[in-house]
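Participant: In the order they appear, the protein sequences are chains X and R. Note that the first sequence ends on residue 180 in the numbering used here; no numbers are left out. Note that the second sequence ends on residue 469 in the numbering used here; no numbers are left out.
By construction, these hints were calculated from the structure, which means they are not laboratory data. Incorrect hints may appear among the rest.
[Said to hold, decoys possible] Keeping only pairs whose Cα atoms sit at most 25 Å apart, straight-line, the calculated SDA-like set for lysine to any residue is:
hint: 1; chain 1: R; residue 1: 214; chain 2: X; residue 2: 118
hint: 2; chain 1: X; residue 1: 92; chain 2: R; residue 2: 271
hint: 3; chain 1: R; residue 1: 214; chain 2: R; residue 2: 24
hint: 4; chain 1: X; residue 1: 17; chain 2: R; residue 2: 441
hint: 5; chain 1: R; residue 1: 316; chain 2: R; residue 2: 207
hint: 6; chain 1: X; residue 1: 92; chain 2: R; residue 2: 118
hint: 7; chain 1: R; residue 1: 41; chain 2: R; residue 2: 207
hint: 8; chain 1: R; residue 1: 316; chain 2: R; residue 2: 26
[What the hints assert, rightly or not] Computed beta-carbon distance windows for the label pairs:
hint: 9; chain 1: R; residue 1: 167; chain 2: X; residue 2: 60; range: 54 to 60 Å
hint: 10; chain 1: X; residue 1: 129; chain 2: R; residue 2: 154; range: 38 to 44 Å
hint: 11; chain 1: X; residue 1: 171; chain 2: R; residue 2: 36; range: 28 to 34 Å
Idealized CB from N, CA, C, for every residue including glycine.
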Amino acid sequence: MNERNERIHGVACTFRKAADVYHAAEKVRDAGWKKWDVHTPFPIHGMDQAMGLPRSPVPRLTLLGGVTGFLTGCLLTWYTNSADYPIVVGGKPFWSVIFPFPVLYECTILFAAFGTFFGQFIFNRLPRHHHPLFDHPQFARVSDDTFMIVLEATDPNFHVDESRNFLQSLGGQEITIVRD
Amino acid sequence: MAHAHDNASERPAILDKVRPAELPRSPLILNNRGFHWITDKVCGIVEEPTPLWWKVTFCVALFIASFTFVGLTYLVSTGTGTWGLRSPVGWGWAIVNFVFWVGIGHAGTLISAILCLLRQKWRTSINRAAEAMTIFAVMCAGIFPLFHVGRVWFGWWLFPLPNQNGIWPQFRSPLEWDVFAVSTYFTVSALFWYMGMIPDLGAIRDRATTWWRKTFYGVLAMGWRNGNRQWSNFEMAYLLLAGLSTPLVLSVHTIVSFDFAVSNVPGWHTTIFPPYFVAGAIFSGFAMVLTLMLPLRAIYRLHDVINQYHIDNMCKIILATGTMVGYAYATEFFIAAYSGNAYEKFAFINRAFGQYAWAYWIMVSCNVITPQLFWFKKVRENHALVWIICLFVNVGMWFERFVITVTSLANDYLPSSWGYYSPTIVDIFTFFGTFGFFSVLFLLFVRFLPLLPMAEVKMVTPQADPHAH
């Protein structure tokens with residue numbers, strides 16, 4: 001039976017050691033959970049594999065940004081120095097990819113960096129200043145020295161009591177319900 | 001923050017056979033400090049009541065910064081004639097100071113980006129402050145070309161906007177490339193710095209007790225939740241920004257050197273300039289990092305986080321890049337002799353023995369001779385001496401730009417047009433004040449933002465490794 005309470009965000013438990021939360025995460029992954037997360041004060045080596053996360057999609061926006069930047073640079077230099085107001089310099093062609101190359105290069109990097117920076121925010125769904133976890137008493141310690149696994153109520157595996165027992169079997173401490 | 005997924009459990013069989021000697025790595029964090037100690041240490045700097053030394057230094061820095069304000073106000077209200085620029089030297093202290101400050105910035109990006117790609121874990125203790133240094137140094141640098149345009153209210157002509165005659169900037173000019181390089185550099189460095197700071201801002205937010213601190217750090221932290229799903233994207237973005245900053249930082253000083261190298265002035269028109277400028281930039285930047293970090297380490301008792309190993313590494317980089325710079329000086333002379341070009345030969349003999357010989361020999365003694373002291377462990381362990389040597393390096397690097405700029409312009413092709421350049425008091429005020437401006441910004445950073453990247457420092461502690469038992 002799945003007695004899902006709409007006001008519950010999920011069940012959380014804490015760990016004191018990086019190794020413990022790492023091995024617990026492997027077990028949660030193997031149990032087939034999809035809606036869950038591991039909150040850690042710093043990124044743990046190999047946690048993506050332990051959680052079974054796919055590769056981050058951020059590079060796609062980096063590539064998109066880089067291509068856009070290069071083309072923007074081409075368009076800018078071509079339009080200004082060749083189309084709108086051609087400037088004769090030493091009888092050379094009005095536009096080529098060579099002479100403004102430093103400009104194209106910098107535009108490529110600039111736009112790729114914007115793609116990466118905003119990509120991180122977009123894929124992380126940030127900024128988001130109201131999250132149920134922020135009201136959870138143990139959560140403030142996660143940015144200090146505590147590791148936390150949160151199983152979310154939206155996962156089909158979720159059941160308040162069973163999930164609590166599951167976290168207990170993983171060695172989690174301070175098992176608590178996170179209210180929405 | 002990028003890291004290899006090194007798997008300790010898969011030990012090749014050959015290693016059991018040959019039994020290699022264990023070579024323990026130097027610990028990055030001394031005294032086995034835990035995660036909570038690191039959080040307390042870094043957040044404590046922000047949370048403690050404003051210390052007296054900070055207030056005093058801040059007032060002094062503001063006073064020094066006012067010199068730039070006075071210098072620039074006088075310049076704008078009177079004209080660029082108040083600087084010491086006159087024929088034949090049309091590029092004096094303005095470009096010297098610009099290159100000096102941009103160069104300082106480069107060490108920050110080297111530490112944050114290149115050392116990240118090279119997986120140098122020791123970078124974590126210093127990268128935040130070094131990146132802050134980069135951003136503030138680029139801001140100081142930007143003042144000089146902006147005001148050198150003379151009528152600063154036409155500064156927007158630098159950007160690709162048509163002026164009142166519908167004419168656009170032309171992109172064949174290295175000066176226009178510079179506009180793109182430096183503004184991109186500033187923007188990307190600021191993005192990289194801010195993004196890396198988000199988890200630490202979140203950590204300060206989570207400890208905040210006062211309303212303003214909760215709001216200030218809460219807004220800046222963007223609702224960061226430390227979830228691994230977030231870390232995964234964050235780490236990827238961080239790695240990509242490091243990968244983008246690396247070609248960027250190399251291109252910036254390359255393009256800065258194009259300001260000189262693309263011209264046909266003897267002593268400037270050389271292909272060695274880009275690598276030579278980049279090595280010099282890293283050299284001066286690391287000296288500045290040590291100049292800033294050694295006092296901060298003493299004041300905030302950060303000895304466990306920034307230990308002798310970090311200082312050793314930085315000293316060795318200064319030694320290596322200083323030697324490269326010395327080699328570049330020698331190469332310039334060789335190429336001048338080998339070129340068979342009378343003007344080129346003269347330019348270099350004139351540098352060493354002409355009217356600016358004093359500046360040349362200050363440059364050589366500070367940049368080539370002084371850093372050689374870092375070969376000695378005793379010198380690297382004497383932090384007062386390290387600090388003084390770093391000051392010498394920065395003086396030397398300023399003189400390098402002075403020598404390059406002024407000697408070549410003052411004595412070019414025709415002896416009838418030679419001259420001697422000296423700065424005016426307005427030049428001196430403007431430059432002197434930038435140190436105050438830089439210090440004001442840096443002190444604000446130290447007081448209000450996380451000085452060390454807590455998450456990254458925690459990551460390099462032994463207990464952060466999930467495979468350690």
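Participant: For every hint, state whether the structure bears it out.
Facilitator: To see whether the hints hold, each was checked on the structure:
{"no.": "1", "hint": "214/R / 118/X", "result": "holds, 24 Å"}
{"no.": "2", "hint": "92/X / 271/R", "result": "holds, 23 Å"}
{"no.": "3", "hint": "214/R / 24/R", "result": "violated, 42 Å"}
{"no.": "4", "hint": "17/X / 441/R", "result": "violated, 38 Å"}
{"no.": "5", "hint": "316/R / 207/R", "result": "violated, 38 Å"}
{"no.": "6", "hint": "92/X / 118/R", "result": "violated, 42 Å"}
{"no.": "7", "hint": "41/R / 207/R", "result": "holds, 13 Å"}
{"no.": "8", "hint": "316/R / 26/R", "result": "holds, 15 Å"}
{"no.": "9", "hint": "167/R / 60/X: 54 to 60 Å", "result": "violated, 39 Å"}
{"no.": "10", "hint": "129/X / 154/R: 38 to 44 Å", "result": "holds, 42 Å"}
{"no.": "11", "hint": "171/X / 36/R: 28 to 34 Å", "result": "violated, 21 Å"}
Consistency note: the structure conflicts with the earlier hints numbered 3, 4, 5, 6, 9, 11.
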